[in-house]
Amino acid sequence: MNKVLLIISREYLSRVKKKSFIVMTFLTPLLIAGIYGLIGYFTYKGIKDTHDKVAVVSTNTTLTEKLATDENIEYQYVNKPLDVMKKSLSKSDYDYILYLPEFTLAEPKGVQLFGEKQAGMSLNNRISGDLEELIRNQKLKQSGISQTDLDQLKTSVDIDTKKIAIETGKEEASSAGASTIIAFIAGILMFMFIMLYGIQVMRGVIEEKTSRIIEVMISSVKPFQLMMGKIIGIALVGLTQFILWIVLTLTISTIAATVLIDKADVKKIAASSQNGSTVGASQEQIQAAQGPIGDIQKSLAGLDFGKIVTVFIFFFIGGYLFYSALYAAIGSAVDSETETQQFMMPVMMPLLLGYALSLSVVTNDPYGNVAFWLSMIPFTSPIAMVVRLPYGVPGWELALSMAILVVGFIFTVWVASRIYRVGILMYGKKTTFKEMFKWFTYKN
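Going by full-length UniProt numbering, the sequence shown runs without a break in its numbering and finishes at 444.
Rather than coming from a laboratory, the hints here were simulated on the basis of the structure.
Please note: incorrect hints may appear among the correct ones.
As the list claims (entries may be wrong) - Calculated lysine-lysine pairs in the PhoX-like style (CA-CA distance at most 25 Å, straight line): (1) K66 with K53; (2) K86 with K66; (3) K222 with K443; (4) K80 with K109; (5) K53 with K3; (6) K17 with K3; (7) K91 with K80; (8) K3 with K222.
Claimed, not checked - Computed spacing ranges between beta-carbons, pair by pair: (9) K117 with P81: 15 to 25 Å; (10) F26 with T69: 48 to 58 Å; (11) L31 with L6: 44 to 54 Å; (12) K434 with V370: 28 to 38 Å; (13) R136 with M402: 46 to 56 Å; (14) T43 with T69: 48 to 58 Å; (15) L13 with M402: 25 to 35 Å; (16) W396 with N137: 21 to 31 Å; (17) Q152 with L105: 21 to 31 Å; (18) T338 with L27: 26 to 36 Å.
Just so it is clear, CB atoms sit at the ideal spot from N, CA and C, and this is done for glycine as well.
Construct the entire structure; sequences and hints are all you get.
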């Protein structure tokens with residue numbers, strides 16, 4: 001046991017003392033915050049600053065209503081033939097030409113959009129939506145509904161989503177948007193951590209094998225002790241970095257909130273909401289407190305972040321140990337990193353499959369059969385379960401998934417150790433899956 005602890009200490013200290021580890025640990029939260037800030041800024045700026053000028057050439061006699069202009073798109077109806085407009089588009093100040101041929105309101109077909117540059121999906125969907133609304137309104141008017149009645153038909157409904165806790169029966173605030181955001185972040189982080197630190201184990205084994213240090217070390221410790229020491233040591237490195245990232249991210253978020261949010265406005269909104277009125281608060285402040293953003297904030301406050309972080313750490317450690325044992329076996333079987341590709345693909349495919357399905361199928365149906373089985377199979381459960389967790393997972397499913405993952409880790413360590421004990425002493429021979437199977441079957 002003392003030998004394993006020495007190896008763990010060596011692997012841990014040799015990595016956390018590196019300048020690259022220290023720099024990336026403190027720099028990564030800032031980079032992530034900066035990247036998301038830039039994405040949000042340019043997304044908002046792109047939506048706000050976008051303005052397309054569309055020339056509408058209509059030969060349609062049925063559609064009497066006209067498309068309405070707003071701040072992002074301007075429709076101008078022109079009385080020129082389509083061919084003439086297409087030829088002069090480059091010299092005009094129009095961005096696109098929308099052609100409305102003759103069609104019935106029941107079957108609007110043949111609509112075309114011309115432009116010298118490819119129209120984006122958002123613009124295409126926007127024009128399509130405007131036309132659909134225009135046709136729908138004209139149909140309603142033809143049915144005898146006045147414009148006043150038509151305006152009154154437009155109603156927005158704000159649904160206050162609640163989730164009933166199975167154990168207590170109490171109502172809890174919930175939001176599909178907030179749960180999805182947490183699920184995506186957790187899934188991406190889990191995938192990134194397992195890949196990053198699993199590959200570090202493989203590279204560490206390869207380096208020691210190629211430098212022949214392994215021959216000296218193996219004379220003092222058993223191969224299994226060496227493998228476990230390396231795996232656990234690097235796991236502690238990853239856990240240290242993850243905890244520091246959480247602390248730094250929370251600190252940065254708190255500082256940003258303190259700097260960017262006016263405390264007087266917050267107190268004013270809070271006081272007005274307690275008094276049952278909104279006197280003294282601006283419309284934007286009220287909407288922020290009571291609109292979709294406010295709903296997400298309330299649902300985030302209702303999430304058990306302590307449980308989410310605890311479960312994330314467990315599945316990170318379990319998933320890492322599960323995959324790093326396989327990566328250690330791969331590292332022991334090859335003489336250089338270039339030879340690892342043929343062995344890495346079968347190991348990476350289940351992880352990639354779990355990542356892809358978790359961020360698509362599981363987020364859309366977190367309680368379905370696919371989500372359940374993905375969160376039970378050890379190859380995919382580290383990602384699938386942390387993605388499901390913000391939506392609410394029954395306690396027995398969580399416990400079962402954890403137990404299966406522990407059993408899966410023990411099994412993979414046993415398999416990997418039988419390959420590792422032979423592979424670390426093999427040099428100059430190209431390894432195949434058949435050869436690795438022989439190593440596994442060798443008796444002690």
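For each hint, the structure was consulted:
no. : hint                       : verdict
1   : K66 with K53               : holds, 15 Å
2   : K86 with K66               : holds, 21 Å
3   : K222 with K443             : holds, 15 Å
4   : K80 with K109              : holds, 21 Å
5   : K53 with K3                : violated, 73 Å
6   : K17 with K3                : holds, 21 Å
7   : K91 with K80               : holds, 15 Å
8   : K3 with K222               : holds, 9 Å
9   : K117 with P81: 15 to 25 Å  : holds, 22 Å
10  : F26 with T69: 48 to 58 Å   : holds, 50 Å
11  : L31 with L6: 44 to 54 Å    : violated, 35 Å
12  : K434 with V370: 28 to 38 Å : holds, 34 Å
13  : R136 with M402: 46 to 56 Å : holds, 52 Å
14  : T43 with T69: 48 to 58 Å   : violated, 23 Å
15  : L13 with M402: 25 to 35 Å  : holds, 30 Å
16  : W396 with N137: 21 to 31 Å : violated, 52 Å
17  : Q152 with L105: 21 to 31 Å : holds, 22 Å
18  : T338 with L27: 26 to 36 Å  : holds, 30 Å
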